[in-house]
Amino acid sequence: MSAHLPTAPVGGKLINTTTVVCGFLIVLMLAVLAARFVLGLGAVTNLNDGYAWGIWVVVDVLIGSALACGGFSVAMLVYIFNRGEYHPLVRPSLLASLFGYTLAGIGVMFDLGRYWNFWHIFWPGSWNLNSAMLETALCISVYILVMWIEFSPVLMEKWGLNVARKKLGKVLFFFIALGTVLPMMHQSSIGTLLILMGGQVNPLWQTPIVPLLYLLSAILMGYGVVLFESCLASSAYRREIETSMLGPMAKVMLGMLGVYLAVRVVDLTVRGAWGNAFDFGLVAVFFWIEMILFCLPFALVATAEARRNPARLFLGGAAIMLGGSLLRLNGYLIGYDTGPGWRYFPSVPELLVTFGMTAVAVLGFIVVTRLFPVLPREEASAH
Amino acid sequence: MLSRRNFLKGCLAGGGSAVAALAPAPASARGNLTNPPGGLGLLYDATLCVGCQACVAACKEANHNPAEFKTADRLWDTPLDTTGHTFNVIKVYTNGTGETKDAGINGFSFMKTSCMHCADASCVSACPVSAMRKDPVTGIVTYDPDACLGCRYCVVACAFGIPKYQYDSPTGRIGKCELCHDRHKDGHYSACAEVCPTGATLFGRTVDLLAEARRRLALKPGETTMIPRGRLPYSDAEAEKASTWRKEPDQSYEVQAGRYVQHVYGETEYGGTQVLKLSAIEFEKVGMPALPAKSSASTSETIQHTLYQGMIMPIAVLGAMTWAARRNVSKDDKDSRGGGS
Amino acid sequence: MAKQDLMLLEGDARIDAAATRLSMTRREFLQFCAVLATTLGLPQGADAAIAEAVAAKKRPSVIWLHFQECTGCTESLLRAEHPTLEKLILDVISLDYHETLFAAAGHQVEEARLKAMAEHKGQYVLVVEGAIPTRDGGIYCKIGGKTAIDLLKECATDAAAVIAIGSCASWGGMPSTDPNPTGAASASQVLGKPVVTIPGCPPNPYNFLSSVVHYLTFGALPAVDPLGRPKFAYSRLVHENCERRAHFDAGRFALEFGDDAHRHGFCLYKLGCKGPETYANCPTIQFGDMGAGTWPVGCGHPCIGCTEQGIGFQKPIHAVAKMKNIQPGVFLPGVIEQKGMGATLGSAAVLAAVAGVAIGAGARLTKNLGLSHKAEEMERAKKAGKASGESAEV
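Protein chains in written order, with my numbering: chain C, 1 to 383; chain H, 1 to 341; chain U, 1 to 394.
By construction, these hints were calculated from the structure, which means they are not laboratory data.
Here the structure is a predicted model, which means the values were calculated and not measured.
Please note: incorrect hints may appear among the correct ones.
Claimed, not checked - In silico lysine-lysine, BS3-like type, Cα no more than 27 angstroms apart, as pairs:
| # | chain 1 | residue 1 | chain 2 | residue 2 |
| --- | --- | --- | --- | --- |
| 1 | C | Lys13 | U | Lys374 |
| 2 | H | Lys70 | U | Lys339 |
| 3 | U | Lys339 | U | Lys322 |
| 4 | U | Lys374 | H | Lys285 |
| 5 | H | Lys220 | U | Lys146 |
As the list claims (entries may be wrong) - Among the chain C residues that face chain H by a calculated CB cut under 7 angstroms, a handful are:
| # | residue |
| --- | --- |
| 6 | Leu47 |
| 7 | Phe118 |
| 8 | Pro124 |
| 9 | Met133 |
| 10 | Leu134 |
| 11 | Phe173 |
| 12 | Phe174 |
| 13 | Thr303 |
Note that beta-carbon positions come from the ideal geometry of N, C-alpha and C, so glycine has one too.
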């Protein structure tokens, strides 16, 4: 049985403090991007020969796409494990994923040094089939397309294209299935990318099972994001928080979290990598922060009673999001060492682009939920 | 609503299948690639190097690279490391007072930094669009800027930190030593080897260079020996006769052998490299990383092949997901008549 | 002692007298003193000191001995053109014995020598040209019945200073080349004590002349290295001052005489140039006052290392030189160099500010969610309480 609640646009004013701030950040970002394309990456970023991947790749693309796994995680629950009671979460999480991945894809174009050759990724004659990067890029591109297709019923509904909607509905199941397989492929491959870097990645994050760790953490981050965004959106729109759905979902998340932590700890032990965690340095500190963040949900939402408290659900989701983000940040940047003497910290323009992309996602979410039927209809007052 | 028992079963099944799918299976392991027999490379002997930097100047000229400056007056070409515009540098290692050449204590040593042309190159494995290619005959790792996306995966993947991107240009490309392969048709070999006055950089086939390196390691320190300069002729006389390198007089000369670390760097690292190095000081101290014999490319490609060979696993999983989604979507349609979504 | 300012010598009559004596104009004389001061590497003001010393002092007596030599060193001195040195050398010093330049010969000359030595006892400068044979009692060189060994010892006894000119007197030179049949030895070996040496085959005459004038001016010979060579001339390798050094550094070498690179004047290292292991000032002052390029490398022939024992006349001319004094260049990068941008105040502040805002908003939201949850729980408890209360009351 599934709970198919009717959805409706939230309505209300589009201009408020949040959207204005977002707009401002977006304008700043566009200015930086103009400079980037005219003058080159070196003029706006602190990227250097020792750290060729900075926050535009690691945060905007890699972490950004993992945080956009909400749609994937919810789709798995609803359509594969047939937990229909989570159905109201499908559209909003799909929307968030759609924005996250589309922006990650656009963000890639900002970082590519020879972006005009990007079409080679889609040209079979160019393919190096051994490359994890190729598979990641192709998968993400197809997944973005699939998500737009999955989301199109919302647009069709708003624009009254009912015939098209019915036709799409007949084959939607296939795209839904694709939408579960593709993230499995590319989120794990994002982990595989680390393998080639060999000893340059600290043993705390360099392991042959890194694709498994990244896949599990991506699924977890999906749940975390749904918790986080549901609480945030409901609070912002002054709507009731659906703890009756979120609570049980948090329990599913805890189960997966247990699996993830077990795999992580066993892997570190088998490889004898724990010594690096006690090395007194930035790397060790960030490792422990990451581990603690992953363990926090056990303290926050372990009991059914705790799971009724939206504050704890919100914090638990945030903890997983941050933990998973740190797993990636640590592997690619903080635990990455190409040799002594190299330093990297993002420059202000670099940071502005990351903030700008986040602003686009937030602004986009607000605009679409207010104008399109994404969230469940509520009789209560809406702004 | 699923019972708790069935729910837990589902979780375990999902997690289990994920684990099974992603744990690398040794059966489809991909071993190290090896140097091709005709592989060309360099032998760099740090004990012979005098730090004259003729090789740095020659490389700049051969590749039409501009000078780079680390001083405010911008008078001398002074790169700090290889970059997108500098494909070869000589670095100095100093210990203590740095008085004695090739001494580990209170000494100094030179070390050449340039592409190692690995047998199992990480950059070649990394590049999604085959911009980095290893020539099947000469083994030279070349770069094609027209194919390149500028994603810089090769930059982060290389264990030696060799490919470098030109951040100062909006149309930057990757730059690295390509063993002067476009000069080979004119009979010229690597510019650095052509100009080296002391024979510290020697060009030749890797198999021959390895034999020469081993010969030097077998010498006693101070023992006089003849050192070739420029290009080491092929050990195979017929191949040497058939080769098209430019004719040069024999520039061999007599030196007293140095005190080497008993290891040819590049013989085993990541399955071997075509550029070999000899040094009197431990290689890690002079900037050559300690690398295992198993290349990271072999690990990475083993994982990729295990998961995606023939797309068997993804298609199987897609089949299962399609079946489940179809079943659950049609159930939904039966349950809710005419509702939204 | 010496007036350190040329201006103070303006009206000095002695300068004019010296210039007249040397058949120079006053200006030429002062220029000559300046050149000598420069060659010696002396500080400003020394040209005045030299001018005064040459003008005022009594000319020192010089005894010049010839042994196993080709007279090239004397010839080199005679070739100095600037100014006409035969006059200068005979007037700056009092040459009291010189076999090549004297018109007289035989016993008269030997007597003249002994007389000069007695007259200037303890004050004359002894110059030795040529190696001294030591085998078989030194019979391979005899002058006036005396062996070179005896002559040298006799003359050195009362000398104020001994200068060995040329590689032969400095370390044995060409006569000492293997198998050295005569047992040719250097002056210091025979005397058993270190002497000032001016090696070269021949040395640039100014190296010798400057040393003598230094002695005249300051009463002491110039600073020397452990081999007795004046540091102003022999402290640098030929390689360090060579005009073709840029070609070496860029890797441009001549491989054969007459090839393209040779015609372009490229570096001769691969032809066996010994510049990298030879100490001399040939590239700096060259020979013959003829302008640029008047030294072996400048003419296209590799340096043969004629000043260095073990290299000159010992190592084959086209054998590759072993580099001395290898020092890493100042601009060579180290194995570890600091590269890249770390956190700056600006970027750290921006990141901290945004993080702070995010954390603050998150904390506030958590609090609000918590409060609303608490309110709900209280409501529920009240309802449950009322219900149970009601049921209890019943």
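Here is what the structure says about each hint:
{"no.": "1", "hint": "C/Lys13 <-> U/Lys374", "verdict": "violated (30 angstroms)"}
{"no.": "2", "hint": "H/Lys70 <-> U/Lys339", "verdict": "holds (11 angstroms)"}
{"no.": "3", "hint": "U/Lys339 <-> U/Lys322", "verdict": "violated (36 angstroms)"}
{"no.": "4", "hint": "U/Lys374 <-> H/Lys285", "verdict": "violated (62 angstroms)"}
{"no.": "5", "hint": "H/Lys220 <-> U/Lys146", "verdict": "violated (51 angstroms)"}
{"no.": "6", "hint": "Leu47", "verdict": "holds (6 angstroms)"}
{"no.": "7", "hint": "Phe118", "verdict": "holds (6 angstroms)"}
{"no.": "8", "hint": "Pro124", "verdict": "violated (11 angstroms)"}
{"no.": "9", "hint": "Met133", "verdict": "holds (4 angstroms)"}
{"no.": "10", "hint": "Leu134", "verdict": "holds (4 angstroms)"}
{"no.": "11", "hint": "Phe173", "verdict": "holds (4 angstroms)"}
{"no.": "12", "hint": "Phe174", "verdict": "holds (6 angstroms)"}
{"no.": "13", "hint": "Thr303", "verdict": "violated (16 angstroms)"}
The structure shown violates the earlier hints numbered 1, 3, 4, 5, 8, 13.
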